[in-house]
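K.L.:
Read top to bottom, the protein sequences are chains A and B. Take the first sequence: its position 106, counting from 1, is numbered 106 in this note's numbering, and each next residue is one higher. Take the second sequence: its position 71, counting from 1, is numbered 71 in this note's numbering, and each next residue is one higher.
Check each hint, because a few of them may be wrong.
Same chains, same names: a pair is fine if it fits in one copy or spans any two.
Cut-off 25 Å, straight-line C-alpha distance, at most; resulting in silico cross-link-like pairs (DMTMM-like, lysine to aspartate or glutamate) [to be verified]:
id: 1; residue 1: Lys-143; residue 2: Asp-108
id: 2; residue 1: Lys-128; residue 2: Asp-103
id: 3; residue 1: Lys-128; residue 2: Asp-65
id: 4; residue 1: Lys-128; residue 2: Glu-16
id: 5; residue 1: Lys-128; residue 2: Asp-152
id: 6; residue 1: Lys-128; residue 2: Glu-9
id: 7; residue 1: Lys-143; residue 2: Asp-100
id: 8; residue 1: Lys-128; residue 2: Asp-144
id: 9; residue 1: Lys-143; residue 2: Asp-90
id: 10; residue 1: Lys-143; residue 2: Glu-16
id: 11; residue 1: Lys-143; residue 2: Asp-5
For the record, the hints were derived by calculation from the structure and aren't laboratory data. Just so you know, these numbers come straight off a predicted model, no measurement behind them.
Number of protein chains: 2
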Amino acid sequence: MSVTDELLENNARYAETFSGPLPLPPAKHVAVLACMDARLDVYRALGLAEGEAHVIRNAGGVVTDDEIRSLAISQRLLGTREIVLVHHTDCGMLTFTDEDFRDGVEADTGVRPPWRSEAFADLEVDVKASVQRILDSPFVPVKDSVRGFVFDVATGRLTEVG
Amino acid sequence: MSVTDELLENNARYAETFSGPLPLPPAKHVAVLACMDARLDVYRALGLAEGEAHVIRNAGGVVTDDEIRSLAISQRLLGTREIVLVHHTDCGMLTFTDEDFRDGVEADTGVRPPWRSEAFADLEVDVKASVQRILDSPFVPVKDSVRGFVFDVATGRLTEVG
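Kindly produce the complete structure, drawing on both the sequences and the hints.
P.N.:
In structure tokens:
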């Protein structure tokens, strides 16, 4: 059985006790932008229940045009007003350089990625840069609370960067 | 107290019983790409534990260059081999058009977004299009299991598209 089939079996059990639907707009009016890292269970780590927060995730928890798109939709159409950014210790993005990554892809596929890998060398510097990208964007209307954190994968604890 | 501060208090309680660190590569070698919708708790809905799967999320659960970037890093550097795409019923992306969204942003900010909103008119069509964007990308090396689903926010159940 594939992992995907195993997850579908898990979902059938989840649905047995599921109670819905909840309203579409996030009840806590917050959007979380976090790394895709498997060890970061955003709902549990932040004590979120279903229906409370938008959760945007990607490799690194970085801010590219696509995260600005998601945040713009989140705020403009669904009323979120706070943004919580989460990077984490022991991140894969600290283990390579953009040049190496694109060289490797080009060597394997014959095509050089037209996008940057967004690899970074320092967690706190990248959290600050990610916050700044949001503050600098004309497309995210509400910027009163844009705060960045590092999640420690050893302790489960968030530390604010700022 | 802001919602962000409330989530930090929740995190302090979470950390009290947290046990880490787990290994960096996802134990189940799977990457999930899902909508940011607040009602979709990916870990619970798929029965995932911390450390098992990469979770990539954005408005719609769509596939743009940034999701290809995350999937390429997930597979090339961290060994995932299956991809699970999840859209859901009652999605905000079904409620507007790309033209309307960009017109609205331009009217409010004076700047037209250089990116598409990725709004869609039909869930199943967009799931298939998202799967196809992955299959068409030269940067995602492992495509043996790229499967798309719709999560029903009323029942909690996943239905496969395809």
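K.L.:
Indicate, hint by hint, whether the structure satisfies it.
P.N.:
Okay, the hints, checked on the actual structure:
no. : hint              : verdict
1   : Lys-143 x Asp-108 : between (41 Å within a copy, 15 Å between copies)
2   : Lys-128 x Asp-103 : neither (27 Å within a copy, 31 Å between copies)
3   : Lys-128 x Asp-65  : both (17 Å within a copy, 23 Å between copies)
4   : Lys-128 x Glu-16  : neither (43 Å within a copy, 27 Å between copies)
5   : Lys-128 x Asp-152 : within (17 Å within a copy, 37 Å between copies)
6   : Lys-128 x Glu-9   : between (41 Å within a copy, 22 Å between copies)
7   : Lys-143 x Asp-100 : between (35 Å within a copy, 23 Å between copies)
8   : Lys-128 x Asp-144 : within (16 Å within a copy, 38 Å between copies)
9   : Lys-143 x Asp-90  : neither (29 Å within a copy, 27 Å between copies)
10  : Lys-143 x Glu-16  : neither (40 Å within a copy, 31 Å between copies)
11  : Lys-143 x Asp-5   : between (41 Å within a copy, 16 Å between copies)
Comparing the model with each earlier hint shows violations of hints 2, 4, 9 and 10; every other hint is respected.
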